[in-house]
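Chain by chain, the residues run as shown.
There are 2 protein chains.
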Amino acid sequence: MTKPEKKLQELKTRLLEVGDLNHINALLGWDQATYMPPGGAPARGRQSALLARMAQEKFVDKKIGKLLDDLRPYEESLPYDSDDASLIRVTRREYERALKVPPKFIGELNEHAAKSYQEWTEAHPANDFSRVRGNLEKTLDLSRQLADFFPGYEHIADPLIDFADYGMKASSVRALFAELREQLVPIVRAITSQPPADNSVLHKHYPEANQLAFSAEVVKQLGYDFNRGRIDKTHHPFMTKFSLGDVRITTRVKENDFGDCLFSNMHEAGHAMYEQGIDMSYEGLPLGGGTSAGVHESQSRLWENIVGRSRGFWEYMYPKLQAKFPEQLKDVSLDTFYAAINKVEKSLIRTDADEVTYNLHVMLRFDFELQLLEGTLSIRDLPEAWHERFEQDFGIVPPDDRDGVLQDVHWYGGIIGGAFQGYTLGNILSAQFYEAALKAHPSIPDEMKEGRFGTLHGWLRENIYRHGSKYTAPEIIERASGSPLTIAPYIRYLKTKYGALYAL
Amino acid sequence: MTKPEKKLQELKTRLLEVGDLNHINALLGWDQATYMPPGGAPARGRQSALLARMAQEKFVDKKIGKLLDDLRPYEESLPYDSDDASLIRVTRREYERALKVPPKFIGELNEHAAKSYQEWTEAHPANDFSRVRGNLEKTLDLSRQLADFFPGYEHIADPLIDFADYGMKASSVRALFAELREQLVPIVRAITSQPPADNSVLHKHYPEANQLAFSAEVVKQLGYDFNRGRIDKTHHPFMTKFSLGDVRITTRVKENDFGDCLFSNMHEAGHAMYEQGIDMSYEGLPLGGGTSAGVHESQSRLWENIVGRSRGFWEYMYPKLQAKFPEQLKDVSLDTFYAAINKVEKSLIRTDADEVTYNLHVMLRFDFELQLLEGTLSIRDLPEAWHERFEQDFGIVPPDDRDGVLQDVHWYGGIIGGAFQGYTLGNILSAQFYEAALKAHPSIPDEMKEGRFGTLHGWLRENIYRHGSKYTAPEIIERASGSPLTIAPYIRYLKTKYGALYAL
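Protein sequences, first through last, are from chains A and B. The numbering of the first sequence is the working numbering, which starts it at 57 and goes up by one. The numbering of the second sequence is the working numbering, which starts it at 57 and goes up by one.
Next comes chain A alone, as it looks inside the complex (with noise of 0.2 Å):
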C-alpha cells in the first residue's frame, strides 16, 4: 500500500469502529422498542448513553482531524466522485460538525432520551401530557444547547434542521412551505366541499396474524430482502439499521383499520430498501447511510403512496387481498378499496393521513418546532396551541392529546427541532424521483399491473440507493432528477390523481 492508501484505511479502521458502536446502539433501541420487559429501562438508559458517549469520543479523536488533514492532497488528486474523495469529504463534514458538541453532552441527551421515550410509551396510551411535560421541558433546554454549539445562525432552528436535511434551513423550509400551501390549500376545500369517500370497508374486522402475513408477502414483492432484514412489533413503527446486512422493520397492528399495518409496512419497507441498496463497501462508514431525511422520507413515500396507493398496483394485488381476506371482501369491487384507501379528509393523526392533507399536519408541526425554540411558544401552552391551530387549519378540534400533541414519537425520543419538515419535502421528492424513472421506464406502470416492480426498484438503487451518503441531497436530487427540488411534479401528480378520483 502506499502511503496514503495506508492512512485511509487506518481512517477506515477508525470509522467502522464509531460506526459500529452507533449500530449496536441502534440494536439497544430496538429492542427498547419491541421486546424489553419494563425493567430493563433504566439500565438501558444508561448503556445507551455509554454507547453514543464512547462513539462520540472515538469519532473526534485529534487522531481522525490529523489522518483528514494528511489525506488532504489525496483527496484534491482523485475525482470528487471517487468512493475515496467522498468518504474524505463526507468525514471531514461530519467532523468539523462533531467536533463543536462535547461527548458528555450527547451522553446527556441519549439517556434523556431513552428516558423520555420510555414513559412517552406510557404517558401516551394514558392520555397524559403532564407526565411527560419535565421531560419535554428538558428536550427542549437540550434542544437549544445543541443548536447553540453552532453559533452564527440565523434562526435557532437553522443547526438542527440542517442535520437532517443537509443545506436546507427555517427560512427555506418556510419558503418552500408557503409556495406548496398555496396550491394545496385549494385541493383540499375541493375535496373536503364533496361528500365523503366511503372507507367502512378498511374497518372491518382483519385478524392480526393474516394482516402480518399479507403485509409481509407484499413488501418482499416490492423488493424488501427477508434475508438481511425482518419485521416485529412496536408501539410506533420505525426502521432501523445495525449493519448493510441487518436492516429491520417495525410495525403495529390494528384490527379494525386495515390500513394502518400494510401502508406502515411498505413506508419502512421503503426507508430499509434504501439503506439495503447502499454500495455495501460502504459498511460501518459515513457513506453507508441515507443522505438526508427528506431523501430517505422520498422512498418510504414513493412505496406507501405512489406505488402501494395506485390503481395499478391494486389491479394486481387487490385479488390476491380478496383471497387472504374472502369474507371482508369478496363483495368488495376494486374500485371502492381504491377510493377506500385514497380517502381524504381533515383527521387528526398525521400517520394516518391521506397524501393530500398530510402536508397540513407537517407544517403544523415544524411552525411549532420553531416557536418552542424561539421560546415564543412554551411547552406548558403546547397542548392548548396544538387544539387551536388544528382547529384553525383542520376545521376540527382535537378531543384529547393523545390524538394531539402526544401523538409523535419524534419529540418524546429525540431533539424539538429538525424533525418533521423531512416529511413534507420527502412527499415532495417522492414525485420528482418517480417523474425521472418513468422518463427513463416508461414500462414501469403497466410492469407494477402484473406485479413486477424490479425496473423501478433497479432506478431507485442505481440512482439513489447504491450511493448512500456519498452525495449531499441537492446533489442526489439533480444527479438522479435532472433538476433541483421541486414542487412541480408533486402537485402534477396531487392533481392527476385527485383530479381523478374526486372528479376535480
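Mixed in with the good hints, there may be bad ones.
Simulated pairs of lysine to any residue, SDA-like, Cα-Cα distance not exceeding 25 Å [to be verified]: (1) B:Lys171 to A:Arg286; (2) A:Lys63 to B:Pro159; (3) A:Lys225 to A:His211; (4) A:Lys160 to B:Leu72; (5) A:Lys160 to B:Leu341; (6) A:Lys289 to B:Asp87; (7) A:Lys119 to B:Asp117; (8) A:Lys289 to B:Phe282; (9) A:Lys114 to B:Lys68; (10) B:Lys114 to A:Asp117; (11) A:Lys114 to B:Leu155; (12) A:Lys119 to B:Lys68; (13) A:Lys276 to B:Gly95; (14) A:Lys553 to A:Arg522; (15) A:Lys402 to A:Val157; (16) A:Lys553 to A:Glu235; (17) A:Lys171 to B:Gln384; (18) A:Lys289 to B:Tyr91; (19) A:Lys160 to B:Lys119; (20) A:Lys114 to B:Asn78.
Hints are computed from structural coordinates only; laboratory data are not their basis.
Given the coordinates of chain A, work out where chain B should sit on it, guided by the hints.
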C-alpha cells in the same frame, strides 16, 4: 465523602462501564440467537468483538489497578463480609486474572465464537461435522492459548476450569467424578435391567402455543419475574442478562415431545431467578452475577428436577396441565405421567437425559475436553471417539453426529475446557442446597403440593441469590449448607426417589 469513599466511587463508575459493555454484548448474543436475520452475522461478529475488546481494555486500565492498590487499607479496615470489602476483593481477583489476557486476544476469541456459533446453527441440523471442524480446531487452539496465559498449571485445563468453577481443577474434578461414578453406575445398571418406563404420553401432539403458555405460567408461579424478564424462542435454550432488571430466558418447542419446552423453561428460569435475586446495589459490578458455573447450575437443576420432576409438584400442577391439554391427558393418571417424566434410560442427548444418566454425559464431555487440550485426541478424530466412548458408557451408538458431537453448543460458541463440569457440580449441589433448605423449613414439600414456592424461593434468595459473587463457590456452599461440597445428599436423593420409582 471521605477519600477512600471517593476512590471507591470512582472504581464503581469504571466497573459499571465495563459491566454495561459486557451486558450490551450479551444483548447482541441474545439477538443473534433469537431474531437476527442471517445477513446480520458478519457485522454482528465484528461488533461483538469490538465490545469485548473495549470492555477488556477498560477493565485492565492501570487506573483500576491503582485504585485497587489505594483501596487496600480501606478494604482491610472493613469486615470480610462487607459489600465494599467484597467488591474490592472480588474485583482484584478478576483484575489480576484479566491482566494476563491481552485485549486483542479477547476480541479475536469473541469474533471467532460468533462466527463459529452461526455456522454451527446450520451445521447441526444438517448433521455436517466437516463444516465446523476448521472452526473447532481454531477454538481448540485459542483455548490452549488462553490457558497458556496462566502458566504454572498442573493440567492445561486447570485455568479454564477455574474460570468457571473457582477453586476446582482437573485433578479435583476427576476425583469427584470417579467417586460419583462409582455410586451411579450400579444405580443405572439396576434401573436399566428392568423393563423401561412407558413415556409415550409425552409424545402425543402438544401444540406449540399451549406449551409456551403453560410453561410461562409455571415459571411465573415458581417466581420468575416477567416484569424483569421474558421468554423467546431459540435454537438451544439459554439464560442471559442485560441488567439486574432484564434477565431473559429462551426456549424451544417440540410438538411431539412435551417435556422439552417445559423442563427447559424451568431450568433456565432457575438460572434467571438466581440473577433476578441478586442485591440490586450490585448492578453492573463484579459482584452482580452468579458466583460459579456449578452454583448457577445447582439453581437450574434444583427448580427443573428436584422441584419440577417431583411428585408433590405435580400433585398441584397436573390437574392444570390436564385442563390445558384435555384431549392428550384426560385419561392419563398422575402416576403414569410422573413415571413418564422420570423415565431413566440410556439416551443420546445430554439435555434430554434423565437425572440418573445425565452425569455420564457430562463425564464423557469432560474427559474429551481434557484429552483435546492435552493433545491426546484431535478434532479430526473426535466424532469417532465420541461414538466409541458413547457405546462404552451407554451401550448404544449415536446414528450420526447431529445427536453426537454436534449436539451441544458450548464448544461451538465458546471455548473448549471448563464448559461441562459445572453441570454435574450443579446436580450435586442442587441436592445439597435443597437438603439445607428442608432442614430450615420442613414445610417446603407440603407447600409445593399447594403450588406455593415462596418459602423455598425465599431461602434460596436469602442464602444464595442475593449474594451474587460476593462469596466464592466454596464459601457460599459452606455458608448455605453448613458443609463443603459433598455427593452424599445427591446420592440420598437419587436413591430415595428412584428407589421408589423403580422398586430398587
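A quick look at each hint next to the structure:
For a cut-off of 25 Å, the pair hint linking B:Lys171 to A:Arg286 stands: about 21 Å separates their Cα positions. Restraint check for A:Lys63 and B:Pro159: the C-alpha separation of about 24 Å stays at or below 25 Å, so the hint holds. Among the hinted pairs, A:Lys225 with A:His211 is consistent with the structure: their alpha-carbon atoms are about 8 Å apart, no more than 25 Å. Restraint check: the Cα-Cα separation between A:Lys160 and B:Leu72 comes to about 17 Å, which is no more than 25 Å; the hinted pair holds.
Between A:Lys160 and B:Leu341, the direct Cα distance comes to roughly 22 Å. Compliance with the 25 Å bound is thereby established for this hinted pair. Pair hint A:Lys289 plus B:Asp87 holds up; C-alpha atoms about 15 Å apart against a cutoff of 25 Å. Of the pairs offered as hints, the one joining A:Lys119 and B:Asp117 holds, with about 21 Å between alpha carbons and a cut-off of 25 Å not exceeded. For the hint pairing A:Lys289 with B:Phe282, the CA-to-CA distance comes to about 19 Å; that is within 25 Å, so the pair holds.
Among the hinted pairs, A:Lys114 with B:Lys68 is consistent with the structure: their alpha-carbon atoms are about 23 Å apart, no more than 25 Å. Our distance criterion of 25 Å between C-alpha atoms is met by B:Lys114 and A:Asp117, whose separation comes to about 17 Å. Proximity of A:Lys114 to B:Leu155 is assessed by CA-CA distance (about 24 Å); at most 25 Å being required, the pair is judged to hold. With a C-alpha separation of about 30 Å, the suggested pair A:Lys119 and B:Lys68 falls outside the 25 Å cut-off, and the hint is violated.
Annotation: proposed proximity of A:Lys276 to B:Gly95 holds, straight-line Cα distance about 15 Å (limit 25 Å). A distance of roughly 30 Å separates the Cα atoms of A:Lys553 and A:Arg522; the hinted pair therefore is violated under the 25 Å criterion. Restraint check for A:Lys402 and A:Val157: not satisfied, since their Cα atoms lie roughly 41 Å apart, outside the 25 Å limit. Of the pairs offered as hints, the one joining A:Lys553 and A:Glu235 holds, with about 20 Å between alpha carbons and a cut-off of 25 Å not exceeded.
Among the hinted pairs, A:Lys171 with B:Gln384 is inconsistent with the structure: their alpha-carbon atoms are about 47 Å apart, more than 25 Å. This hinted pair checks out: A:Lys289 and B:Tyr91 have alpha carbons roughly 13 Å apart, not beyond 25 Å. Restraint check for A:Lys160 and B:Lys119: the C-alpha separation of about 20 Å stays at or below 25 Å, so the hint holds. Between A:Lys114 and B:Asn78, the direct Cα distance comes to roughly 19 Å. Compliance with the 25 Å bound is thereby established for this hinted pair.
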